[in-house]
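So the protein sequences, as listed, match chains B and W. Residue numbering for the first sequence follows my numbering, beginning at 1 and increasing consecutively. Residue numbering for the second sequence follows my numbering, beginning at 1 and increasing consecutively.
If you are wondering where the hints come from, they were derived from the structure by calculation, not from laboratory data. As the structure is a computational prediction, the values presented were derived from the model and not from experiment. Just so it is clear, CB atoms sit at the ideal spot from N, CA and C, and this is done for glycine as well. Mixed in with the good hints there might be a few duds.
[As the list claims (entries may be wrong)] Some, not all, of what chain B presents toward chain W, calculated at C-beta under 8 Å:
hint	residue
1	Arg14
2	Leu16
3	Gly45
4	Leu49
5	Glu338
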Amino acid sequence: MKYLDEYRDPAAVRQLAQSLARLVTRPWTLMEVCGGQTHTFVKSGLEGLLPPAITLVHGPGCPVCVTPVELIDQAVRLAARPEVIFSSFGDMLRVPGSAGSLLEAKAAGADVRMVYSPLDALKLARASPARQVVFFAVGFETTAPANAMAVWQAEREGVPNFSILVAHVLVPPALEAILSSPDRRIDAFLAAGHVCTVMGYEEYEPIARRYRVPIVVTGFEPLDLLEGIYLAIAQLEAGRAGVENQYGRAVRREGNRAAQQRITEVFEVSPRKWRGIGEIPSSGLRLRERYRNFDAEARFGLAAPAVEESGECIAGLVLQGIKKPFECPAFATRCTPETPLGAPMVSSEGACAAYCQYGKRPHA
Amino acid sequence: MPEFRVSCPVMRPSGERVLLAHGGGGRLMHQLIAGLFLEEFGSPPLAAQHDGALLHLGGQRLAFTTDSYVVRPLEFPGGDIGSLAVYGTVNDLAMCGARPLYLSAGFILEEGLEMETLRRVARSMRGAAARAGVALVTGDTKVVDKGKGDGIFINTAGIGVVEAPTDIGPATVRPGDAVIVSGDLGAHGVAVLSVREGLEFASPVVSDLAPLWEPVAALLGAGIEIHCLRDLTRGGLASALNEIAAAGVGIEIREAAVPVAEAVQGACEILGLDPLYVANEGRFVAFVPQRDAERTLEALRALPVSAAAARIGTVAEGPPGSVTLESRIGGRRVLDLLSGEQLPRIC
Chain B
1 MKYLDEYRDP AAVRQLAQSL ARLVTRPWTL MEVCGGQTHT FVKSGLEGLL
51 PPAITLVHGP GCPVCVTPVE LIDQAVRLAA RPEVIFSSFG DMLRVPGSAG
101 SLLEAKAAGA DVRMVYSPLD ALKLARASPA RQVVFFAVGF ETTAPANAMA
151 VWQAEREGVP NFSILVAHVL VPPALEAILS SPDRRIDAFL AAGHVCTVMG
201 YEEYEPIARR YRVPIVVTGF EPLDLLEGIY LAIAQLEAGR AGVENQYGRA
251 VRREGNRAAQ QRITEVFEVS PRKWRGIGEI PSSGLRLRER YRNFDAEARF
301 GLAAPAVEES GECIAGLVLQ GIKKPFECPA FATRCTPETP LGAPMVSSEG
351 ACAAYCQYGK RPHA
Chain W
1 MPEFRVSCPV MRPSGERVLL AHGGGGRLMH QLIAGLFLEE FGSPPLAAQH
51 DGALLHLGGQ RLAFTTDSYV VRPLEFPGGD IGSLAVYGTV NDLAMCGARP
101 LYLSAGFILE EGLEMETLRR VARSMRGAAA RAGVALVTGD TKVVDKGKGD
151 GIFINTAGIG VVEAPTDIGP ATVRPGDAVI VSGDLGAHGV AVLSVREGLE
201 FASPVVSDLA PLWEPVAALL GAGIEIHCLR DLTRGGLASA LNEIAAAGVG
251 IEIREAAVPV AEAVQGACEI LGLDPLYVAN EGRFVAFVPQ RDAERTLEAL
301 RALPVSAAAA RIGTVAEGPP GSVTLESRIG GRRVLDLLSG EQLPRIC
């Protein structure tokens, strides 16, 4: 298939892997930020083709994984209200809260619908005027423009029965949190290509300077990832630390200005709690005052309940790249995709689920 | 900087209620069958966990199978619930090496269903039965209150006479066997999903729904020693291979050798689905001895329904129960069962 096969070409992959092997002189640890990249790494078997000196650790860029358990509990409670149609992207439905997942709520009678776009949820609201349609607005900068657009349209048209439960998070503050952690072991980042398609990469430049860390904006196909690694290693070996763009076919330095404007108009930056990591200042989005009546938390008067967090799940360490999934004592034994103890075992973008699904084990 | 806490709630054990994923053809469904149905019903033919039960009656070897059909929408590009209910059961018999002969049909209709829809479905069943060479010989009709059904649910059961001279089933698979698929994968699942979700593609995807006794009969007619057959319905190729590997062999396949039509591949890329897990209704996998591999491909490619047959891998000496995939770029990984159904990703 055009525009895909070129980036999965075995000969090109082999050639680049050989160049990489000649380039690297000492051990380096890289983090791919986005769960979609983790998925490609493991699914394509790319990790096995890398020189042994390069270690990849998997970043926090899995929206399902970092959405706090309190919000999932709120979603489940909202979904259980008889007047509510609760709509969400597919892989959010399986994430366990403290009292089950949205799929389990559905099995118990809640009206839970899987949609492919927040605009479909808005359509559902127009078509069901007697019901309250709530959309679970999850994700990074990638999903923010469409979610903002849905709210903006709802406001313009005056759709009174549409609202969103916001769980938006931002990448750069998370990178800074990881970089300032005393356990830091990351030498370079592969930044998430699709986040940068929206946001550009200007905001990464001060981070690269401040922490002396190369950041390469990288795509999602095997050859993209390999090239991203090559560029990062070339910087590390040369003692440079700048921002480079591997994903030039989709990303410009300034990003997509129209999408950014829509986000800024509807959302404002706020502190956000990340599941398994904790609260990070200025790391999320919330609806601006003008759009507050589309905020499901406000509309339904949801109180943030205290949730007992305990157990043996090491999601926080996995999401910061400090531990590999199989270093968790529960991995693939007590914690499996059927009975996940933590969110990274749920979404196909979660590092634990990817490792489990594709049979990755230590030294495998 | 905030202090990082390591925290995640322990989920309460699932399994208190039936989830949709229990019907998805993945691990949860296998757990349900093994942990509940086999435990309660376990008979030797059932325990064989083949597509149908093999029975010996008065010197005859019969295959007997049943399946229920709950597809939404009732009509989709390339078929409808009626033709699906005929071919699905016919194909389960064919996978036992049996010539399909007789079907039953049980209807659960929802109050308010348009009579014209029901007639179209019945006509479609008649046409499908004629094409597959089976007779619909007994049936049943029930009507449930509006809102308690989804238009039409159909159950069919089928009986066929086993024509394969040797046992066909996972237990017969041997190291060295060639693994062959009868055509390109994923079209049925994508066709149904695209109608259900209102997705539009430049080139519409049509279901692969078709009866499969003809290609199986062609293999038997060519004197090929068939070790195992399985149609690639719910859970797709990956689930079928895992079910067969569970009988005690290791299977190795090459991703680049698996035929997938470009439109299906494109739809799967957009939706974040893996075609190896997508349902088919007119495709099967055959395990045959290495020496019969070329003749199997020839026999299959001579028929329109299996014209795109391809060899995708080999049964290896490797660890029993495992399916290994060599990726397009030459990496290797495990091809496992899914937990339940594939869910489209967020971004």
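Min Cβ distance, arginine 14(B) to chain W: is it shorter than 8 Å? Holds: closest Cβ of chain W sits about 7 Å from arginine 14(B), inside 8 Å.
Would the hint on glutamate 338(B) stand, with a C-beta cut-off of 8 Å toward chain W? holds (5 Å)
Satisfaction of the leucine 16(B) interface hint, Cβ to chain W closer than 8 Å: violated (10 Å)
Measuring from the C-beta of leucine 49(B) to each C-beta in chain W, is the shortest one below 8 Å? holds (6 Å)
Close enough to count: is the Cβ of glycine 45(B) nearer than 8 Å to one in chain W? holds (2 Å)
Going down the numbered hints, you'll see the structure goes against just number 2.
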